[in-house]
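*Asks:* Spelled out from the first residue to the last, the chains are:
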Amino acid sequence: MKAGIVVFPGTNRERDMAQALRLTSGVAPQMIWHRETSLPSLDLVVLPGGFSHGDYLRSGAMAAHSPIMAEVRRFAERGGYVLGVCNGFQILTEAHLLPGALLRNAGMRFLSQDCHLKVERDGLAFTRRWTSGAVFRAPMAHGDGNYTASEDTLDRLEGEGRVVFRYATADGAVLPQDRTCNPNGSARAIAGIASENGRVCGLMPHPENLVDPAIGGTDGAPLFTGLIEALAA
Amino acid sequence: MKVRVTVMLKEGVLDPQGKAIGHALGTLGFAELGEVRCGKVIDLDVPANDAGAAVTQGEAMARALLANDVIEDFSVEALS
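Protein chains in written order, with this note's numbering: chain G, 670 to 902; chain P, 5 to 84.
Just chain P, same shape as in the assembly (with noise of 0.2 Å):
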């Protein structure tokens, strides 16, 4: 069973490569483009049966390592 963990910064922390990203689609023309936020998507074949237990997996996997939860938030979805 496949899960997807996202992990981004927490709003409110600084993130500098969102913001250089943003830089860069404004010099490339994306005129008027808002906030812009950088995060990672970890894709997990975990040993789970029904999604609802995958994604529990998924969520103590990203508790224990995935993310840091002083800095960052996750969310965690069954993919197949």
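Extracted from the complex, chain G is given alone in its bound form (with noise of 0.2 Å):
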């Protein structure tokens, strides 16, 4: 699987998903900085972690407006699949290849911690090592976490099976108006989607930073294990 890695000024978590990446598949991933015009040859293009431009005017609003986002729109377009963690998601929202929007977290505060998501969508190349119903642990370190849309839209994306991940306790009750389970308060507890072809996929949570048991085990590895094959298929 050849993965390409965008990098925009103020990504810092794009080292943990080559990292991630390098391990699951064997192979490094590219890093394409953001001023790029042209993506090389990918089967999947990430946009990573981090606080790009500073999280100037609202978070991913400026990234989505980088020169190389005009050939990540394309390469989707085309059926390319992309994944967007935490900032990625916000800037995927903020370019309108994912619907939606990341407001301030619910209780204002920036939050590193654990949490646990409930796969609500398997069978996408994200979520095909998942079956619907199983919980695993990620990490989140986010301080624009909560997840809004109009009620129409929330709607749609449940009709056609989009909501990919919702934050949910350890056995997987899913509370939204609980903080200790859906801590970021988002709309219907939703931590992650996925376009109309399921190919775009972001989420707030951090996966990549759960694929070694060396730093603390492996819940995220079955994302990027499922991308893997369904890539090289």
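A hint or two may mislead.
SDA-like, lysine to any residue: derived pairs with alpha carbons at most 25 Å apart [to be verified]:
#, chain 1, residue 1, chain 2, residue 2
1, P, Lys23, P, Gly33
2, G, Lys671, G, Ser694
3, P, Lys23, G, Leu780
4, P, Lys44, G, Glu827
5, P, Lys23, G, Thr849
6, G, Lys671, G, Glu705
7, P, Lys6, P, Gly43
8, P, Lys14, G, Glu705
9, P, Lys6, G, Tyr725
10, P, Lys14, G, Leu726
11, P, Lys14, G, Ala856
12, P, Lys6, P, Asp49
13, P, Lys44, P, Ala24
14, P, Lys14, G, Pro678
15, P, Lys44, P, Thr10
16, P, Lys6, P, Gly38
17, P, Lys14, G, Ser694
18, P, Lys23, G, Arg857
19, P, Lys14, G, Gly723
20, P, Lys23, P, Asp77
21, P, Lys23, P, Val74
22, P, Lys14, P, Ala52
23, P, Lys14, G, Pro891
24, P, Lys23, G, Asp847
25, P, Lys44, G, Asp847
26, P, Lys14, G, Leu766
27, P, Lys44, G, His734
28, P, Lys44, G, Gly723
29, P, Lys23, P, Met5
30, P, Lys44, G, His765
31, P, Lys14, G, Phe779
32, P, Lys44, G, Pro678
33, P, Lys23, G, Tyr725
34, P, Lys44, G, Met777
35, P, Lys23, G, His734
36, G, Lys671, G, Arg857
37, P, Lys14, P, Gly38
38, P, Lys23, G, Pro678
39, P, Lys14, G, Glu827
40, P, Lys6, P, Gly26
It is worth saying that the hints were derived from the structure and are not from the lab.
Quick one: dock chain against chain with the hints and give me the complex.
*Replies:* Listed below in structure tokens is the structure:
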């Protein structure tokens, strides 16, 4: 699998993402600076976490208009696979590649902690190693992770099976009003969503930070091993 | 020609910053304060000769970048 990671000024999780991809696929991804105006031949584009452009104006707003994003948009329109994590998810919403927006966390605080994610939609390249209802642990570290969209958009996402991950308790209960398991107050406890064709996926938590037993577990590894399988097929 | 773009969270969108400011004002003794909403003000010096054209440019910039229409409303006024 040929993966590329887009790096913006202020991105800081690109090495974690590269390590996760290298560990699971055996191939080092390419780093792509945001000023580039073309993408190399790739199977997967990743927008990693961080604070692109210092989160000026709104998280992801500046990066969404970087030169490389026109190419990422064309890549997605041709059916390419795009994964956005944390700031990458914010950038995907600001670029209108995914619907909705990420507001300041409901409790105002930056949250750096583990959370549990329930897989709501299996069978996507991103979730094929799980079955719907599976729960896994993932670290989160963000100030603007409170997912919101109009009620119509939320209903459409649910109806089309595009809610991919929800914040949940360790045993899989989804309690949107409970800040202990939906820490940032996201609408309907939504942590990750996908595009209509299921090939563009964004989520706030960091599965790439749990792929190595040496640093605390492999709960996030199925996302990457599934992607590698799907893109090799 | 200068224009001022004011960006506010839409009605009904949770505004935790506004809430926190309201809470702080309450502890300072400003009692019976209603809702507090927090937004952004962006001043632009645009290349236009009349207020109408300047406001039109400001609105285009607000739609393109300055406001996110999923969560925010904006207004544009000519300053000079």
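*Asks:* Hint by hint, note whether the structure agrees.
*Replies:* Here is how each hint holds up against the structure:
no.: 1; hint: P:Lys23 / P:Gly33; verdict: holds (16 Å)
no.: 2; hint: G:Lys671 / G:Ser694; verdict: holds (9 Å)
no.: 3; hint: P:Lys23 / G:Leu780; verdict: holds (18 Å)
no.: 4; hint: P:Lys44 / G:Glu827; verdict: violated (32 Å)
no.: 5; hint: P:Lys23 / G:Thr849; verdict: holds (20 Å)
no.: 6; hint: G:Lys671 / G:Glu705; verdict: holds (18 Å)
no.: 7; hint: P:Lys6 / P:Gly43; verdict: holds (19 Å)
no.: 8; hint: P:Lys14 / G:Glu705; verdict: violated (35 Å)
no.: 9; hint: P:Lys6 / G:Tyr725; verdict: holds (22 Å)
no.: 10; hint: P:Lys14 / G:Leu726; verdict: holds (16 Å)
no.: 11; hint: P:Lys14 / G:Ala856; verdict: holds (16 Å)
no.: 12; hint: P:Lys6 / P:Asp49; verdict: holds (4 Å)
no.: 13; hint: P:Lys44 / P:Ala24; verdict: holds (16 Å)
no.: 14; hint: P:Lys14 / G:Pro678; verdict: violated (30 Å)
no.: 15; hint: P:Lys44 / P:Thr10; verdict: holds (6 Å)
no.: 16; hint: P:Lys6 / P:Gly38; verdict: violated (32 Å)
no.: 17; hint: P:Lys14 / G:Ser694; verdict: violated (44 Å)
no.: 18; hint: P:Lys23 / G:Arg857; verdict: holds (21 Å)
no.: 19; hint: P:Lys14 / G:Gly723; verdict: holds (24 Å)
no.: 20; hint: P:Lys23 / P:Asp77; verdict: holds (18 Å)
no.: 21; hint: P:Lys23 / P:Val74; verdict: holds (20 Å)
no.: 22; hint: P:Lys14 / P:Ala52; verdict: violated (29 Å)
no.: 23; hint: P:Lys14 / G:Pro891; verdict: violated (38 Å)
no.: 24; hint: P:Lys23 / G:Asp847; verdict: holds (19 Å)
no.: 25; hint: P:Lys44 / G:Asp847; verdict: violated (30 Å)
no.: 26; hint: P:Lys14 / G:Leu766; verdict: holds (22 Å)
no.: 27; hint: P:Lys44 / G:His734; verdict: holds (20 Å)
no.: 28; hint: P:Lys44 / G:Gly723; verdict: holds (17 Å)
no.: 29; hint: P:Lys23 / P:Met5; verdict: violated (35 Å)
no.: 30; hint: P:Lys44 / G:His765; verdict: holds (22 Å)
no.: 31; hint: P:Lys14 / G:Phe779; verdict: holds (23 Å)
no.: 32; hint: P:Lys44 / G:Pro678; verdict: holds (23 Å)
no.: 33; hint: P:Lys23 / G:Tyr725; verdict: holds (22 Å)
no.: 34; hint: P:Lys44 / G:Met777; verdict: holds (17 Å)
no.: 35; hint: P:Lys23 / G:His734; verdict: violated (31 Å)
no.: 36; hint: G:Lys671 / G:Arg857; verdict: violated (34 Å)
no.: 37; hint: P:Lys14 / P:Gly38; verdict: holds (17 Å)
no.: 38; hint: P:Lys23 / G:Pro678; verdict: violated (32 Å)
no.: 39; hint: P:Lys14 / G:Glu827; verdict: holds (23 Å)
no.: 40; hint: P:Lys6 / P:Gly26; verdict: violated (31 Å)
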